[in-house]
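Peer 1: Each chain, written out:
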Amino acid sequence: MEATREIYWNIGHGVVLPMYLLTLAAVGVLVWGFWKRLPLYRLGKPLDRCDRYEERVNRMIGDLLGQEKVARVRDGGLPHNLFFWGFLTLFVGTLIIMVQADFLTPVAGVNLLKGEFYKAFSLVLDLAGLVALVMLGALFVRRYFVRPEGLETVNDDIVIHTLLFGILLTGFLIEGARMAATELVQQPDLASFSPVGKVFAQLFVPFDTSSISASHKVFWWVHFALVLGFFCAIPYTKLRHIVTTSANGFLVPLEPKGTIPTINMEDETVEQFGAAKVSDLTWKDIFDADACTTCKRCQDRCPAHVTGKPLSPMKLIKQIGETAETTPDAALPEVIGADAIWACTTCRACQDICPANNEHVGKIIELRRNLTLMEGAFPGDEVRGAVGNLEVNGNPFGLAYASRGEWAEGLPVTLMESGAEVDILYFVGCYASFDKRNREVATSFVTICAAAGIRVGILGKEEKCCGEPVRKLGNEYLYQMLAQENIELIKGYGVKKIITTCPHCFNTLGRDYRDLGLDVPVEHYSTFLHGLIKEEKLRLTAEAAPFDVTYHDSCYLGRYMDVIEEPRSVLTKAGGRIREMAKSGYDSFCCSAGGGRILAEEKIGTKISEARVSMALETEAPLLVSNCPFCLTMFEDGIKTGGAEGKLVVRDLAEIVAERVKA
Amino acid sequence: MKSLLIGEYREGRLLDTTYELIGFAGQLGAESAMLLVGSDSQLPAFNGTIYLADAGVCGEYNPDLHKQLILEVVGKLNPDCIVFMHTSYGWDLAPRVAAALKCAQISEIVAITDNGFEVGCCNAKMRRTVRSATGRTVLTIQAGAFPVAGREGTPCVEQLTTAVTSTLEFVGYEPAEAKDVDLAKADVIVTAGRGVGKKENVPVIQALAKALGGELGASRPVVDAGWVDHSHQVGTTGQTVSPKLYIACGVSGAIQHLAGMKKSDFIVAINKDKDAPIGEVADLLVVADVMQFVPALTAKLQ
Amino acid sequence: MKLLVCIKQVPDMESRFKPNGSGTWFDEADLAWRMNEYDEYAVEEAVRLREQLGESAELTVLSIGPDRVVEAIKKALAMGADRAVHIQDPAVADKDPWQIASIIVAHAREQQYDLIFTGMQSQDRGSAQVGVLVAEQLGLSCATTLVGFSYENGIVTAKRELEGGIKGVARLRLPALVTCQLGLNVPRYPTLPNIMKAKKKEIAALPVDGLLAEPAVAVTTSFHPPAKKGGGVVLEGEVGVLVDKVIGILKEKTAILR
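Residue numbers (the numbering used here), protein chains in the order written: chain A, 1 to 663; chain B, 1 to 302; chain C, 1 to 258.
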């Protein structure tokens with residue numbers, strides 16, 4: 001007897017028409033549910049997220065099948081993925097059966113579901129069901145008994161769990177009943193390919209044929225009803241993420257990470273800058289709320305949130321969606337709260353981890369643009385002062401602009417205005433120019449360059465702040481003023497390559513200035529040094545005894561620019577034995593100074609820099625190395641205020657390298 | 001050379017600064033008379049004529065009335081210079097007199113030199129030497145810049161009366177906000193300036209004050225920023241102090257601040273900037289980072 | 001109601017000042033310029049009054065100086081002034097307060113302003129004269145050093161800052177002039193739409209020649225850094241060593257440490 005089974009056993013082919021009609025109706029409810037949400041998205045401004053179509057489709061399919069982003073956090077992510085693949089397999093299996101029974105058999109008279117293929121098919125589906133059931137159980141226990149901190153459980157969750165448990169259990173019950181009446185009796189060998197079904201079949205063995213047949217019918221209809229319920233529930237519950245989160249894989253921003261729309265300052269028709277209301281955001285910003293699964297990963301990684309500031313990236317996403325739905329004319333700064341809006345360090349940890357590809361940082365920037373450009377607001381008076389200083393002296397400290405190049409006196413550095421030829425323009429930045437501690441980094445960098453035979457030029461007093469902190473605080477106007485001056489200057493000197501020691505300058509000059517017309521290669525010194533070492537232009541003397549060190553990935557180098565390995569390689573070549581912190585690489589934890597927060601006092605909650613310093617202390621390495629002037633400043637501070645003096649020293653990568661340069 | 005000194009009197013009290021005017025006149029070598037809107041029960045010790053208008057009749061400061069009185073005395077006396085303190089009274093009234101007399105005014109004099117009067121400029125970072133091009137000159141002098149005259153002599157009083165119509169009406173005084181410290185009585189004051197960096201650093205300065213048994217002072221920007229309460233503010237708009245030891249931590253030395261503390265017996269300034277104006281008045285300038293030096297000093301003292 | 005606010009563009013006080021060729025004022029090379037801080041408070045207060053009065057009022061901002069002062073004027077316009085007068089004078093630094101006041105008076109006399117705001121003094125010159133001289137020459141009621149201002153029915157209530165934290169309150173009838181002290185208000189940060197609008201506002205350029213008839217009454221003969229206090233000791237070096245030295249000196253020179 002060939003291995004196969006009778007489809008619609010005990011149900012009869014008469015069910016086909018009503019079944020398809022009901023399914024069609026359920027799909028109709030699903031489509032209708034989303035259709036009704038479209039006006040909600042249309043509240044937002046237009047945004048083209050359908051360009052580069054093929055690339056988007058590929059990304060979406062990759063995201064969908066790989067579920068890689070979901071798996072990044074094992075807790076919750078792993079059971080969800082296994083459940084997803086199990087459930088997906090069952091869904092595909094059901095589709096195959098549908099095609100076989102209602103198309104291949106009646107139309108072509110071919111049966112694929114037989115023999116070895118059928119055995120494998122049975123086994124795979126049976127195990128998929130088991131995996132889905134067990135994982136669903138695990139997720140249930142996690143949500144209702146383990147209750148991880150910050151996980152919000154709503155009514156949707158119980159509905160979804162009930163539906164899914166019901167579907168999986170009734171599925172196995174149908175199989176068990178059918179097997180008890182057929183396979184177990186007729187083909188016991190074949191039954192072994194449905195191990196779970198076989199167990200369920202045992203439940204029915206004691207009963208007579210007609211009872212089995214009757215209960216099979218009942219379970220079949222209940223199963224079918226639950227599936228229809230599942231379809232219908234998708235647009236109205238959190239299940240909508242099946243569609244919206246998948247769609248977000250298609251709708252991802254394809255421009256370089258960290259790109260912020262450059263406002264056209266010449267356009268006099270614009271009356272609103274930034275987002276005061278939901279309608280000032282784009283449709284995608286509203287859609288993101290629907291794609292959010294409230295997995296709270298963003299919140300768990302948000303440095304502001306975990307140190308007690310009133311910001312939760314998850315809540316922000318949700319609040320925008322809720323506002324669009326309930327009070328579309330409400331003032332967003334009031335809904336979200338100015339303190340929450342200002343608390344963001346734009347560290348991108350939220351966006352990086354979001355399995356739904358939601359875009360948190362861009363929303364914050366738009367909210368800040370409204371506060372800054374429309375209301376002239378600041379996160380604090382100290383920022384008002386710093387912004388005034390930037391306007392007058394081109395640095396946030398208010399120091400005389402004419403003294404900007406003084407750090408380089410007596411060092412092997414050429415002023416660009418002298419006209420001498422140079423290999424690189426070193427864009428020094430405000431901190432390395434004026435801050436005593438960071439001047440040591442600048443000095444180290446030019447010392448290294450001299451040893452490698454690189455001729456370094458600087459702009460000196462002509463250089464101005466790159467504008468990054470104020471841009472991230474929403475002051476696009478001042479950013480563009482500063483940027484334009486720098487760009488004209490750099491273009492005027494015909495610079496071929498720019499190196500920065502500041503990741504913020506690096507991001508700004510290398511990416512953001514492109515929108516304003518600067519097209520010169522820009523590199524952060526860590527990759528530049530890595531290249532010099534590789535080309536053997538720079539040789540380091542690794543110390544006889546290697547030293548223990550922990551390395552901090554600055555947000556704007558790691559998460560924003562994907563520079564993770566090169567600085568580590570340089571550090572290792574210099575003799576460093578890296579002891580990684582619990583949060584490193586793409587999971588790194590901000591120092592607190594991004595997003596213009598470098599200009600602001602941290603008045604709410606505990607200090608982010610201290611939290612990071614304590615993570616460094618956990619590695620027991622006596623040395624913390626960073627690659628960013630803001631990080632260096634914050635950690636110097638965090639070590640002092642966090643009581644880590646004597647236990648931990650923070651230094652910049654350039655300082656470590658400079659001490660080990662072979663002449 | 002004849003000078004007319006304009007004394008200050010407020011709410012029934014002669015202000016001490018009046019003696020600085022006499023000290024200035026002495027340095028100038030001028031024969032001087034004084035005009036005072038006050039009362040004969042509180043006259044300064046002064047050898048010369050005092051033209052006295054009764055404050056009981058004139059009321060508190062009214063610029064139109066005071067200008068009129070001055071012009072009358074100028075008419076009688078024909079002085080070469082009319083001298084005010086550079087205070088809220090002086091800088092308000094002096095230009096009115098200068099305008100009426102169409103003569104030069106030289107503001108906030110800190111010293112007398114052979115080439116003219118020395119005045120501060122550019123937030124006390126620089127100095128100008130200024131000469132008058134008119135026969136008569138109105139002068140205002142910086143509080144604390146000139147020696148206080150010894151309280152001796154008996155004035156010859158001449159009563160003045162005048163009446164004017166004014167478009168300005170004095171309503172009343174608002175007292176200074178309640179003080180929780182009386183800096184004037186402190187032997188040691190340790191002051192936090194903008195150089196301490198942030199509010200969280202203020203306790204470090206306070207700790208040094210405590211270690212020395214003194215009080216915490218603050219410069220205007222620190223008070224304006226809300227780091228320290230106004231009652232601790234040293235300077236012309238806060239309290240004028242003269243303790244035995246004054247330690248200025250990260251205070252650059254705006255002129256208003258210097259005027260409020262320069263009479264201290266011994267002044268130590270801690271500042272990163274060697275050229276900060278506070279260096280002008282400091283007996284000891286320590287060029288160092290406040291947040292490094294102060295905790296170290298406190299630790300050593302304890 | 002016609003309002004005027006007079007502003008000055010001054011170097012940032014963090015700049016390093018060097019005497020110019022004639023040795024009577026600073027060399028302008030390498031200086032960063034900004035609106036005199038006192039004047040920012042004056043502009044803010046004037047704009048607040050302009051907003052309080054609505055369309056019945058017009059606020060003019062006036063500044064004297066070379067072309068660079070237009071930057072300061074633009075800021076005042078962005079803060080909310082309606083129109084501007086730029087009195088073009090490349091040699092403004094050579095003029096004494098009397099002459100500056102006379103220039104303003106020559107313009108203001110024609111315009112019949114009801115209320116004029118100025119800073120209490122400039123950060124660079126610090127004479128604290130111009131505002132009062134203008135008021136006297138125009139016969140305006142005047143109050144200086146304001147830390148509080150309100151206006152109702154033709155009456156200005158001015159809170160003056162006196163010494164020791166005491167304030168004196170006075171009432172002035174219009175026309176009047178007030179000079180503004182630091183801390184009078186919180187000067188606003190111009191919003192972008194207002195910056196854009198300001199670009200279209202009128203800036204009337206008047207050459208100074210037609211407005212100045214007065215000679216200088218005070219002459220600056222020298223501009224120089226202050227002499228260091230005699231006997232002042234300057235200590236530099238490593239913190240630990242400095243601490244010991246300072247304690248030594250305090251023990252020797254003061255009665256505090258024994």
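If you are wondering where the hints come from, they were derived from the structure by calculation, not from laboratory data. Bear in mind that the values here come from a model prediction, so they are computed numbers and not experimental data. A portion of the hints provided could be inaccurate.
Unchecked claim - Listed below are several chain B residues computed to face chain C (Cβ distance under 7 Å; list not exhaustive):
#1 S132
#2 G135
#3 V171
#4 E174
#5 V286
#6 A288
As the list claims (entries may be wrong) - In silico lysine-lysine, PhoX-like type, Cα no more than 20 Å apart, as pairs:
#7 B:K198 x A:K436
#8 C:K18 x B:K244
#9 B:K274 x A:K436
#10 B:K102 x C:K95
#11 C:K251 x B:K300
#12 B:K199 x A:K603
#13 C:K95 x B:K210
#14 A:K607 x B:K198
#15 A:K461 x C:K251
#16 C:K253 x B:K244
#17 B:K263 x C:K18
Stated by the list, open to error - From the structure, some residues in chain B lie toward chain C, with a derived Cβ separation under 7 Å:
#18 C121
#19 N123
#20 G150
#21 T154
#22 V287
Just so you know, even glycine gets a beta-carbon here, dropped at the ideal spot from N, CA and C.
Peer 1: A separate judgement is required for each hint: does it hold in the structure or not?
Peer 2: We went through each hint and held it up to the structure:
1. Look at S132 of chain B: its Cβ gets to within about 6 Å of chain C, closer than 7 Å, so that hint holds up.
2. At a threshold of 7 Å, the smallest CB-CB gap from G135 of chain B to chain C is about 10 Å, leaving the interface hint violated.
3. About 4 Å separates the beta-carbon of V171 of chain B from the nearest beta-carbon of chain C, less than 7 Å, and the hint is met.
4. Proximity of E174 of chain B to chain C holds as hinted, the smallest CB-CB distance being about 4 Å (cut-off 7 Å).
5. With 7 Å as the threshold, the beta carbon of V286 of chain B comes within range of chain C, its nearest partner Cβ sitting at about 5 Å, so the hint holds.
6. Here the hint on A288 of chain B is kept, as its CB sits about 6 Å from the closest CB of chain C, short of 7 Å.
7. Between the alpha carbons of K198 of chain B and K436 of chain A the distance comes to roughly 17 Å, so the proposed pair stays at or under 20 Å and holds.
8. With a C-alpha separation of about 35 Å, the suggested pair K18 of chain C and K244 of chain B falls outside the 20 Å cut-off, and the hint is violated.
9. Of the pairs offered as hints, the one joining K274 of chain B and K436 of chain A holds, with about 15 Å between alpha carbons and a cut-off of 20 Å not exceeded.
10. Only pairs whose Cα atoms come within 20 Å are accepted, and K102 of chain B paired with K95 of chain C is accepted, the gap being roughly 16 Å.
11. A distance of roughly 13 Å separates the Cα atoms of K251 of chain C and K300 of chain B; the hinted pair therefore holds under the 20 Å criterion.
12. Of the supplied pair hints, the one linking K199 of chain B and K603 of chain A holds, its CA atoms being roughly 10 Å apart against a limit of 20 Å.
13. For the hint pairing K95 of chain C with K210 of chain B, the CA-to-CA distance comes to about 50 Å; that exceeds 20 Å, so the pair is violated.
14. The hinted pair formed by K607 of chain A and K198 of chain B meets the criterion: a straight-line CA distance of about 14 Å does not exceed 20 Å.
15. Straight-line distance between C-alpha atoms of K461 of chain A and K251 of chain C comes to about 45 Å, which puts the hinted pair past the 20 Å bound.
16. The hinted pair formed by K253 of chain C and K244 of chain B meets the criterion: a straight-line CA distance of about 10 Å does not exceed 20 Å.
17. Under the criterion of a C-alpha separation no larger than 20 Å, the hint pairing K263 of chain B with K18 of chain C is inconsistent with the structure, at around 29 Å.
18. Interface hint status for C121 of chain B: upheld, as the beta-carbon distance to the closest one in chain C is roughly 5 Å, under 7 Å.
19. The restraint placing N123 of chain B at the interface with chain C holds, with a minimum CB-CB distance near 4 Å, inside the 7 Å limit.
20. For the restraint placing G150 of chain B at the interface with chain C, the shortest Cβ-Cβ distance is roughly 23 Å, beyond the 7 Å limit, so the hint is violated.
21. Given the 7 Å rule on beta carbons, the hint for T154 of chain B is violated: about 28 Å separates it from the nearest Cβ of chain C.
22. The closest approach between the C-beta of V287 of chain B and any C-beta of chain C is roughly 4 Å, which is under the 7 Å cut-off, so the hint is satisfied.
Comparing the model with each earlier hint shows violations of hints 2, 8, 13, 15, 17, 20, 21; every other hint is respected.
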